[in-house]
Amino acid sequence: AQKVTQAQTEISVVEKEDVTLDCVYETRDTTYYLFWYKQPPSGELVFLIRRNSFDEQNEISGRYSWNFQKSTSSFNFTITASQVVDSAVYFCALRSSGGSNYKLTFGKGTLLTVNP
Amino acid sequence: DGGITQSPKYLFRKEGQNVTLSCEQNLNHDAMYWYRQDPGQGLRLIYYSQIVNDFQKGDIAEGYSVSREKKESFPLTVTSAQKNPTAFYLCASSIGAGTSYEQYFGPGTRLTVT
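Protein chains in written order, with this note's numbering: chain A, 440 to 555; chain B, 1114 to 1227.
Heads up, a few of these hints could be off.
[Claimed, not checked] Under the rule of at most 27 Å between Cα atoms (straight-line distance), these lysine-lysine pairs were calculated in the BS3-like manner:
#1 Lys-542(A) / Lys-477(A)
#2 Lys-1122(B) / Lys-477(A)
#3 Lys-1170(B) / Lys-547(A)
#4 Lys-1122(B) / Lys-542(A)
#5 Lys-1170(B) / Lys-477(A)
#6 Lys-442(A) / Lys-1183(B)
#7 Lys-542(A) / Lys-1196(B)
#8 Lys-547(A) / Lys-1122(B)
#9 Lys-1122(B) / Lys-1170(B)
#10 Lys-542(A) / Lys-1183(B)
[To be verified] Label-pair ranges, simulated between beta-carbon atoms:
#11 Ser-510(A) / Gly-1209(B): 27 to 35 Å
#12 Lys-509(A) / Thr-1133(B): 42 to 50 Å
#13 Gly-1209(B) / Ser-513(A): 27 to 35 Å
Since the hints were derived computationally from the structure, they do not count as laboratory data. Bear in mind the structure is a predicted one, so any value in this text is a computation, not a measurement. For each residue, glycine too, the CB sits at the ideal point set by N, CA and C.
Isolated chain A, as found in the complex:
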């Protein structure tokens, strides 16, 4: 069975602070993909990143960075120098190659509020 846990339900920070959103996953498959999505108040999910299980390199994209650690089954997301526009719900998701490979399993999301 696949499972994604985002233990932080809500996080509130002040603008310019750094913030890390945690994601822990469970899967028995050796080949899988991890994703992060952003859901702003408008409701549409915006794709942020995809990472496959064989690539443990961290990735940086502007103020966003992702830390993938297979040893702890974690795929954490850090926003550096947060801005008000970063306020949204962020979802971590998992898709593995075995069994029902159509299925994207989502965590329950973390609501990030960045205050001015």
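Since the structure of chain A is already known, use the hints to place chain B on it.
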């Protein structure tokens, strides 16, 4: 502009009525999906379709039906058999149904049934 459109954004229905949610994509994607989101919850898969004229049930298909007669369109019908239909419904598509493909989402339809 390429993307996914869902209409309407807000939909109100009386209990016992069937309602159809529209989803159209012009991304030339083969695979399409319907998810349901409830407050404070992640997304749950209702139905998915890998190609035209083919679709499979997801985790919570009871009370829903779909069709895939055209590549661009994947409408979802919420039937009166769905016990708790009030929710936010999101349509998504991907190039293919393979594991590595990211899914792109539409703006969603918020359905309220009273």
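Each hint, compared with the structure:
Restraint check for Lys-542(A) and Lys-477(A): satisfied, since their Cα atoms lie roughly 19 Å apart, inside the 27 Å limit. Proximity of Lys-1122(B) to Lys-477(A) is assessed by CA-CA distance (about 19 Å); at most 27 Å being required, the pair is judged to hold. Taking the CA atoms of Lys-1170(B) and Lys-547(A), the gap is about 21 Å. The hint holds against a cut of 27 Å. Distance check on the hinted pair: Lys-1122(B) and Lys-542(A) sit about 25 Å apart at the alpha-carbon level, within 27 Å; holds.
Between Lys-1170(B) and Lys-477(A) the alpha-carbon distance is near 26 Å, which keeps this suggested pair within the 27 Å criterion. Note on Lys-442(A) and Lys-1183(B): the hinted pairing is violated, with a Cα-Cα distance of about 33 Å set against a maximum of 27 Å. Among the hinted pairs, Lys-542(A) with Lys-1196(B) is consistent with the structure: their alpha-carbon atoms are about 23 Å apart, no more than 27 Å. Of the supplied pair hints, the one linking Lys-547(A) and Lys-1122(B) holds, its CA atoms being roughly 23 Å apart against a limit of 27 Å.
At roughly 24 Å between alpha-carbon atoms, Lys-1122(B) and Lys-1170(B) fall within 27 Å of each other, so this suggested pair holds. With a C-alpha separation of about 22 Å, the suggested pairing of Lys-542(A) with Lys-1183(B) holds against the 27 Å cut-off. The hint said 27 to 35 Å for the Cβ distance between Ser-510(A) and Gly-1209(B), and at roughly 31 Å that hint holds. Between Lys-509(A) and Thr-1133(B) the C-beta distance comes to about 43 Å, which sits within the given range of 42 to 50 Å.
Against the hinted window of 27 to 35 Å, the Cβ-Cβ separation of Gly-1209(B) and Ser-513(A) comes to about 28 Å, which satisfies the hint.
Violated hints amount to a single one, hint 6; each of the other numbered hints is respected by the structure.
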